[in-house]
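K.L.:
The lines below spell out each chain.
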Amino acid sequence: MAENDMDTTAVSAGTPVLGPGWTAGGVTDKISHIVLGRGGPWTRGWKAHWRWRGALLISFSGVLVLLSASAWLFMRGVGLFGVNMPVAWGFALGNFVWWIGIGHAGTFISAILLLLRQRWRTSINRYAEAMTLFAAGIAGLFPIFHLGRPWFAYWLLPYPNRMELWPQWRSPLVWDIFAISTYLLVSLLFWYVGLIPDLASLRDKARSRGKQLAYGLLALGWRGDARHWQRYESAYLLLAGLATPLVVSVHTVVSLDFAIGNTPGYHSTIFPPYFVAGALFSGFAMVVTLAIPLRHYLNLRDFITMRHLDLAARVMLACSLFVAYGYASEIFTAYYSGDAYEIHMTQDRFTGVYAPVYWAYICCNVLVPQILWSRRMRRNVPALLIISLVVNAGMWMERFLIVVQSLHQDFLPSSWGVFLPSFWDWVFLLSSIALFVWLFLMFVRYLPLISMAEMRGLVQETSREDLR
Amino acid sequence: MKRPAVIFPTLPAADPVADPARRRVLKLMAASAALAGTGCSQPPAEKILPYVNMPEGLVPGDPVYYASTLLRGGLGMGILVETESGRPIKIEGNSAHPASLGAADAQAQAAILTLWDPGRSRTVMHAGRLSTFPALQEGLRRRMDEEARRGGEGLRLLSGPVSSPTLLAQIGEVLERWPGARWHVHDPSDSGARASAARQVFGRPARAVYRLERARVVLSVDADLFGPGADGVCNAQGFMQARKGSPRARLYALESTPGLPGALADARRTLSPAQMEAALHAIGLRLGVPGLAPLPPAAPHRAAWLDRLCGQLRAARGACVVAPGHSVSRRAHLLAWRINAHLGNIGHTVIPIAQEMPPRRDAGRPSDEGPATASHPATLGELVDEMRAGKVETLIMLDVNPAYDAPGELDFSQALSQVGCSVHMGLYRDETALLSSWHVPKAHELESWGDARSHDGTASVVQPVIAPIYGGRSLHELLGMLATGTSGSAHERVRATWRSIWEEVAGKPASAGAGRPIGQSGAQDDNAAGFESWWQATLRRGVLAGGPAAQALSPLPDAFEEEGGLAKDKEASGQAGLIAVFANDSNLIAGEYADNAWLQELPRPYSKIVWDNAALISPATARLHGLESGDVVSLAAEDSPSRLLAPVWIMPGQADGVVTLPLGYGRSIAGSASPGHGFDAYVLQPVEHGMPRRTRRVGMRAAGERHDFACAQPQKALHGRKPVRTVQVRRRPEDAPDVALDAAVSHAGARAARSGPGDQPSLYPDRRYDGYAWGMTVDLDACIGCNACAIACQAENNIPVVGPREVALGREMHWMRIDLYRPEDEGRAQFQPMACQHCENAPCEVVCPVGATMHDSEGLNVQVYNRCVGTRFCSNNCPYKVRHFNFFQYAATDPAAAAHANPDVTVRQRGVMEKCTYCVQRISHARIQAQKEDRRIRDGEVVTACQATCPTNAIVFGDLNDPDSLVSRSKASTRNYTVLEELNTRPRTSYLARVDDPAAQLEEDDG
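Top line first, the protein sequences correspond to chains A and B. In this text, residue positions in the first sequence follow our numbering: the first is 1, and each later residue adds one. In this text, residue positions in the second sequence follow our numbering: the first is 469, and each later residue adds one.
Just so you know, these hints were derived from the structure itself, not from any lab. Just so it is clear, CB atoms sit at the ideal spot from N, CA and C, and this is done for glycine as well. Please note that the accuracy of each hint is not assured.
Reference excerpt, derived from the structure (chain A facing chain B, CB under 7 Å, subset only) [what the hints assert, rightly or not]:
1. G79
2. R170
3. S414
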C-alpha cells in the first residue's frame, strides 16, 4: 500500500538533477500535497492559492470567449477570418502548425530520452507530456475551425458509408488526420500509463471519499505489486518505442501539407526535417516557459533544477542552429534552382509586405538563441524565460510566414493579394492560448505534475550514487 | 398592450396566460404536451392541376427563347431572352440584329438582374403618398384638360433620346394636339457636339454608322468605339473582322484616359481633349483638307508620329475611319467629318444616316439650326430656363432622372420646384421621383411592348417576356393616357405602328392604315391575315426583315466653311492647368445601371475598381500634386463656386493635366445597389448651349482625407512573367494570314495542341478520353477586354455578388475574370480572360481530401459542391487562382433571386469552393439532345456562356477529339500556348498569342 515504506533510509544526495536530502516519502509527499492541498503551496497562504485562482479565472474567461467565438464562427462562416483569394489559409493553419510543434517536445522528452536513458527527464516528463496533449488537442481544433463547412469534418475520415465514398488518399490532409490522431492517441496512452502508479498513490493519500473514488477509478486497481511494476515497466517502454517514430512522423506529415503543394515557398524537400526541428525548438521553448513559473510558484527548485533548465536551453540552441540551417538552405535552394517564382518569393520575404515578420523571426529564432552559448545565461532564470518566450513568438511568426507569405504572391501577378488578420483571427489565437493555460492550470491542480514513482526511483539511484 | 377583456368587456376577465393559477398552469402544460404529441395540422387542402392541354412548344426544363430589344441611349440592341417555365433568366445576342450580331455586351447581359430587381419602384406615388393608376389617370385627365384650354403652352415633355417609331409617333401626336407644348431631350452622356456637328454637315440631325469591317485604318479620337454604346458590339465585331483580314487592319487611338481601343491599338497616344482637336486639325492640314487655317508653329503637333499616322490614313484612302468620341468638341467632330469626307470614307466606311424624328405633319417648316420646332427636340437647358421663368405648368418626364444627372450648373431640382405638376416615370423611385408630384413605375423593356431602331436605323420590336413583375406601365401607356385619357394597350399601339411599317415594306395600300378599325371586306381580311403572319415572323426574328435601309446622307455643299482657328490654343499646348473630363463610366454609363449589382461589382477594365468611381489622374499629375491613389481631393471649378470631393486613382496611360471624372455614382437614393458609393461628378458639370459640357477647367488640391477603394486586381505589373505572349507579324505575301505569324511560341503551341500525353513526367498515369475531350481557346489578339463574358458567366452560373467590403478583402466570385497587365516598358495594356483552365494534371484534384474536385471522363475538372468541406487546399494549389470560395453565405436566398437563377446550375452554399465548369449544364443539354437523336454532339453545338456573348468571337470551345472542330483547328495555330506551361498542369484552355505589327507603329518606342 504505502510505497514510501519501500526504502525509508535512502536519502538523495545533491546531484544536478535532484536537490539533496530528499527521501522517497518526502518526494511523494511534496508532489502529492500539491494536488491534495496539504501543506503544499495552496495552504501555505492565500497568495499561491489566489494566484492560481486568478489565473484560472482569466484563462477560463478566455475559454468562454473561444466557445462563443466558435459558435459565431460556425453560424456566420469562415469569412470571419482574414482569409481570401489567394491567401486561402491564414492564422488558423499557422496556429495549427505552431500548436502541433509545441506538442512535440513532450513526447520527445518522455519517449526518446527514456529510451536513451537520460535521467534528467524524470522531473519534467509528466508536465511536458500534459503540455503535448493539450497543445496537440488544441492544434486539432484549428483545422476544423478553418473548414468552410466544419459540420462535415468527419468526411475526412475513412468510415463506412452507403455512398461508398472514401477520403481522397493522395491528399496530405488525409495523411494529416491519421498522423495527428495517432499521435494524440499514443501520447494520451503513454501519459495515462505513466500516471497509473501516481494515481494509486493519490488514491491512498486522499482523505475525502470523492477523491478516493475518482483517483481510485483512474488507478485501475494498481496495488504496487511486483508483477504490476514489471508489466508497467515493459508496457511503458513499449509505448515509448511506439511514440518515438511518431515524434518524427507527425510533423513530417504536417510539413507535407505544404511540401506537396506546388506553391513556391511550400514546395520544398527540406520541409520535413526543418519542420521537425522547428517543432522541437518551440516545444522545448514551451517546456522552459512552463518550468520556470512552476518551480518558482510551487517551490520545486529541488526537482526542476538549474541542470534541467540548462539542458533544455542546450536543446533549444541546437534546434535553433538546425532551424537556421533550414532558413539558409531555403534561400540557397531558391537561388540555386534559378526558378523565377522561388526567387521572387524569397526576395519578397526579404523586402515585401511581410518582411518585418521575416526579419523578426530571424531575430527571434536565430540571433537571440545564440545567447545560450553562454553558460551564465543558460543559468539565468529570467533571461531564459524571456528567451523561451521570444522563441515561441518567433516560431509562431515563422509558421505564419510560411503559410501566408508563400500564398500571397504566387504565379500570376493578377491574383496577388495581401492577407491581413481580422479581429477574429486574433480572438482565436489568444483564446486558444487561454484554453491551453486553463487546461494546464487544471492539470497542475488535480494531477501530479511530476511523476512521483519515477522520482522515488531517482532518489534511490542518486542515494546509491552517493554511497558509491 | 391591451388585454382582450378590456377591448371586449363581455369576455371573462381570467386570462390564463397573464394571470395563471397553479392548477390552470398544470392543465395547460398537460394540454400542450398532449397536443404536441398529436402533431401539427396537415397542409391546407389546395388543389393543383397539371396542364390539361400542354402549351405547344413548352417542355418543362427546356428553355424557350424570345426575341426582344434592349435600349441603350434610346437605340435598340437586339437580344434573345431565355425563359424557363415563363421566367426570364438569361440574355443572349440576337444574330439577326445589326447591333448584336449574336453577341451582347455586359450591360445587356446584366439587364436580367435589373428586370428582377426587388428595389424597383412598384407603386404610383402622388405628393409623396401612395396612389393608384386610376387616380393618376384622373389627375392627368384634369391636368390635360386645363392645358388644352391654354393650347398646351405650359406642357413640356422631357425624355431621353428616342428612336422608337411608336414613341416618336406618340410624341408627335401630343405635340400636334397641344400645339404650345414642347418636347425636350436630355441625354447625360451627350454633349450635343456630335449632333451639332452632324447637323451642320448634313443640314439635319444625323449620326455616323461605322463600317469597320471595311476599314484598313481606324483612328479613334477618345471614342467609345467598342462600347458601352449601342454600336459597341457591332463595331468590335466589324473591326475584328477587318483585323483578321489581309492586310491586317490597323487601329490608332488618341485617348485622354485609357479606353478599350487603346489596348487594342497598334499605337496609342495620350492627349487632352483640346490637344486631340489640335491633332485632328494638324492631320487635316497634312492630308491637305481644303480651307483649314494654318497652325501656330510652336504647337506640339509637328510630331513625327502625326506624319506617319497621316501616311497610314492616306494609304488607306476610302478605307479608313476617323471616329471622334464624347469628350471632344464640336469643332473636332467637324474636323473628323472633313477628314473622312476628304479621304473618301463617307458612304464607304462612315455612313451618315438621318436621326429619327417624330413624323412631321407640317412639312414646310424649316428644320435646321434655330429655335426648336414642334418635332425637333429642345435641350434641357432651355427647359430649365422656362421652368425658372414659370412658363412650365405640366412637366412629363419619361424615363429620365434629371434631378440627378442634369449638370450641376443647371440646378434642375430647384427649377423643378417651380413646376405646378410634374409627372415622372421611371424604373426606380429616384431623385427625380421624390421631387415630382407624380411618380409612375415604369415597366422594364422585358415587361412591355415597344420598338426601337438600332444605331444603323434597323427597326426591331421590344417584346415582353413576362408580365410586369412590380406592376409598372410602359412609356407608350403613359403617353396614351396623356393623349387620349385612357392608357390603352401598348401592344395595340405598337402593332398599329408596325402595320404601317408593314404596309411600307410590303407595298400594301395604306387604306387599312394604322389604328383604324378593320372593315368587313375580303381585301382587308387578306390584309389582316398577311399582317398577322408577317408580324408573327417579325416577332420571332425580333428585327424588321428587309425593311428600307436607313436614308444615307451626303454632306451639304457649304458644310465645311472654316470657322476660325483653334479656340483653345492654351489648352492645346498643355499649359492650361487641369481639365476635368466628365466621362461615362465603363459599367454604369451615365448612371442608368447604378442599381445593377452585377455591373457595380464588375471590375473596371483598367482600374479594376468595383462599387466606386475615382477621379483618374496620370502619374505625373499625381507627382505634381503630391497625391497617391486613395487621397481625397477637392475639385473646384475655376469659374463657379461648385466644388466636389473625390478620391483620386493614379492611372497610367492617362493624359497629364486631365482629371477624368466618371459619371453615374454618388446616388443618394434609388434601388438597392446604388446609394452610398462614389461621388457625384454631375455637381461640377457645366452647361453649354443647354447641353452638358464634357470638359471643364478645374483646380485641385488635397483634402487631407483618405478613401479605401475596393480593387479586384491590385497588382497590374508583370514582374517579368509572361502570362500574355506576343508574336510579331511576318509580312510576306505568300503567307496565309494565320501562318504569317512569327513562330515564337510555336513550340509551346504544338505541345498544347496535343491532347495526348505531356512531355514532362508525371507521377500519375495519363488519362484516355474515348468520347469527348472538351477544350477552349481564347484569342488574346481578339479580346478587347469588354467584360461581357464575365457578366454572361455570372448570369449563367448563378454567381453571387459579394459587395465592396468582400472584394476589398479579395473574395470576389467571378468565375471568369479579365486580368489586366501593364508591361513595365509602358507597352500596350494586355487583357487576359482567366477562368478555370481545366488542367489535365490538375493540381487541385490531388490535394482535395474528400475528392470534391475530380476529373471527369471528358476531361472536365469538376467541382462537387455537396462533397466540398471547404479546406481551400485546392485554391492554394491552383497556380491560376481561378477558384472562388463562399466565405459567407453569398448566394441570395430571397424569392426574386431564386426566380431569376438558372435552374440548371446549383446555387452554392457557404463554405464550398466553386469555379468555371465549362458550362457543364450546356454540355449536358447538348448531350441529351444528341443521345435522343443517336448521334455525336456536333461541333458548335455546345456554346459556353462566355463564348456566346463575346463580341469578337475570341473564345472558341469544342471537342478536341474531333480534329476538324473549330477548337482543334484553333489549337493548331502557331500562336497557341498555355499559361504557366512549365508547371506541367497541361491546361485544356489555351491562349492564342497577341499579335504585334511593327510596321504599324508610329514611333520606335510605341507599342
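K.L.:
Next item in the hint list is R170/A. Is there a CB on chain B closer than 7 Å to its CB?
P.N.:
Where the cut-off is 7 Å and the nearest Cβ of chain B is about 5 Å from R170/A, the hint holds.
K.L.:
Tell me if the interface restraint on G79/A is satisfied: Cβ within less than 7 Å of some Cβ in chain B.
P.N.:
Constraint on G79/A satisfied, holds at 3 Å.
K.L.:
Would you check whether S414/A satisfies its interface hint, that is, whether its CB is within less than 7 Å of any CB in chain B?
P.N.:
4 Å, holds
Violation of the numbered hints given earlier is absent; every hint is satisfied by the structure.
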